[in-house]
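Participant: Model the full structure from these sequences, guided by the hints.
For the sequence shown, our numbering begins at 4 and goes up steadily by one.
The hints are simulated quantities; they were obtained by calculation from the structure and are not laboratory data. For every residue, glycine included, the Cβ atom is placed at its ideal position computed from N, Cα and C. Be a bit skeptical, because a hint or two may be false.
Claimed, not checked - Derived DSBU-like pairs (lysine-lysine); straight-line CA-CA distance at most 30 angstroms:
id, residue 1, residue 2
1, 188, 141
2, 107, 92
3, 128, 141
4, 141, 129
5, 212, 107
6, 128, 162
7, 162, 92
8, 107, 129
9, 107, 141
10, 128, 206
11, 141, 92
12, 212, 162
13, 206, 162
14, 188, 212
15, 141, 162
16, 212, 141
17, 212, 92
18, 188, 129
19, 162, 188
20, 188, 92
21, 92, 128
22, 107, 162
23, 107, 206
24, 129, 162
25, 206, 141
26, 206, 188
Stated by the list, open to error - Simulated restraints, written as ranges between beta carbons of each label pair:
id, residue 1, residue 2, range
27, 149, 43, 17 to 23 angstroms
28, 169, 225, 45 to 51 angstroms
29, 207, 16, 35 to 41 angstroms
30, 224, 92, 28 to 34 angstroms
31, 154, 174, 27 to 33 angstroms
32, 167, 43, 18 to 24 angstroms
33, 107, 227, 43 to 49 angstroms
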Amino acid sequence: MIRVFIGYSRSAPVASSVAALSINRRASQPVAITHLVLNQLAGIYTRPHHELQSTDFSFSRFLTPYLAGFDGWAIFMDDDMLVLDDIAKLWALRDERYAVQVVKHNHIPKEDVKFLGKAQTRYEKKNWSSVMLFNCAKCTALTPDYVNSATGLELHQFKWLGNDGLIGEIPHRWNHLADYDPHEKDVAIVHYTIGGPFYDDFKDCSYSKEWLDERQQMLHCDQSKGKKPARTGT
Numbered sequence: 004m005i006r007v008f009i010g011y012s013r014s015a016p017v018a019s020s021v022a023a024l025s026i027n028r029r030a031s032q033p034v035a036i037t038h039l040v041l042n043q044l045a046g047i048y049t050r051p052h053h054e055l056q057s058t059d060f061s062f063s064r065f066l067t068p069y070l071a072g073f074d075g076w077a078i079f080m081d082d083d084m085l086v087l088d089d090i091a092k093l094w095a096l097r098d099e100r101y102a103v104q105v106v107k108h109n110h111i112p113k114e115d116v117k118f119l120g121k122a123q124t125r126y127e128k129k130n131w132s133s134v135m136l137f138n139c140a141k142c143t144a145l146t147p148d149y150v151n152s153a154t155g156l157e158l159h160q161f162k163w164l165g166n167d168g169l170i171g172e173i174p175h176r177w178n179h180l181a182d183y184d185p186h187e188k189d190v191a192i193v194h195y196t197i198g199g200p201f202y203d204d205f206k207d208c209s210y211s212k213e214w215l216d217e218r219q220q221m222l223h224c225d226q227s228k229g230k231k232p233a234r235t236g237t
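Facilitator: Pasting the structure below:
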């Protein structure tokens, strides 16, 4: 079973639903998807909201290994993403040498503000934590106590590992930054990190058509299937 944890934002709940659908439509193996909804983490995640926190799951994402029982592997991904390839291909990249595997972006944003007027921040390893392949048994430092008390940089810069050699790399196509990276066809996960078409201000962003098409698939209901055949004769 491929375990996937997706961030959940109260400001745009549709984003995590579309992300989940995009996984399920293309997956070739069974997938178990968990949305990191804050009210479902009451008593586990007690960290107060920080003024620089741009999403509800900025820090709760690091509870993924704990929620997986510190056993086996699990994928975390942001909600502002669209999966365009089989998630089993990402799952197949698991490497026991590492505690976590990520796309190692060298991302230095130029803007000061992103979606919903949130402040844009700059720090080493930015966006590395937006898609993480966790080797959960090697991430036991990420207890609820630690996640609730560590600084943002300690979490997002993987200070809890104590050794950057435990951070493995996955191909860039698994975390393509829309409107930062050059538009490409061979993209596995589109990441609308500055803002996606689920917000009016970004409805024309790169890969917006692909996301809107996916949302339409989510809303579509084929009423022709399952209907009883029309009666003929008497």
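Participant: State for each hint whether it applies.
Facilitator: Against the structure, the hints come out as follows:
1. 188 x 141: Status violated; Cα separation ~34 angstroms.
2. 107 x 92: holds, 18 angstroms
3. 128 x 141: With Cα atoms ~20 angstroms apart, residue 128 and residue 141 stay inside 30 angstroms; holds.
4. 141 x 129: holds, 22 angstroms
5. 212 x 107: Cα-Cα ~27 angstroms, so holds.
6. 128 x 162: holds, 11 angstroms
7. 162 x 92: holds, 28 angstroms
8. 107 x 129: holds, 9 angstroms
9. 107 x 141: holds, 19 angstroms
10. 128 x 206: Holds, because 28 angstroms separates the two Cα atoms, which is no more than 30 angstroms.
11. 141 x 92: Holds - the C-alpha atoms of residue 92 and residue 141 are around 22 angstroms apart, at most 30 angstroms.
12. 212 x 162: It is violated: about 38 angstroms lies between the C-alpha atoms, which goes past 30 angstroms.
13. 206 x 162: Measuring from Cα to Cα gives roughly 36 angstroms; hence the hint is violated.
14. 188 x 212: Satisfied, since the Cα-Cα distance of roughly 13 angstroms is no more than 30 angstroms.
15. 141 x 162: holds, 14 angstroms
16. 212 x 141: violated, 39 angstroms
17. 212 x 92: holds, 24 angstroms
18. 188 x 129: Satisfied, since the Cα-Cα distance of roughly 24 angstroms is no more than 30 angstroms.
19. 162 x 188: With a Cα-Cα distance of about 34 angstroms, the restraint between residue 162 and residue 188 is violated, given a limit of 30 angstroms.
20. 188 x 92: holds, 17 angstroms
21. 92 x 128: Between residue 92 and residue 128 the Cα gap is close to 24 angstroms, so the pair holds against 30 angstroms.
22. 107 x 162: Roughly 15 angstroms separates the two Cα atoms, so the pair holds.
23. 107 x 206: holds, 27 angstroms
24. 129 x 162: The given pair, whose Cα atoms are some 13 angstroms apart, holds under the 30 angstroms limit.
25. 206 x 141: violated, 40 angstroms
26. 206 x 188: holds, 20 angstroms
27. 149 x 43: 17 to 23 angstroms: Between residue 149 and residue 43, where Cβ atoms are some 20 angstroms apart, the hint holds.
28. 169 x 225: 45 to 51 angstroms: holds, 47 angstroms
29. 207 x 16: 35 to 41 angstroms: Violated, at about 22 angstroms.
30. 224 x 92: 28 to 34 angstroms: Taking Cβ atoms as reference, residue 224 and residue 92 lie about 30 angstroms apart, which means the hint holds.
31. 154 x 174: 27 to 33 angstroms: 30 angstroms Cβ-Cβ, so the 27 to 33 angstroms window holds.
32. 167 x 43: 18 to 24 angstroms: violated, 32 angstroms
33. 107 x 227: 43 to 49 angstroms: Since the Cβ atoms of residue 107 and residue 227 sit about 47 angstroms apart, the hinted range of 43 to 49 angstroms holds.
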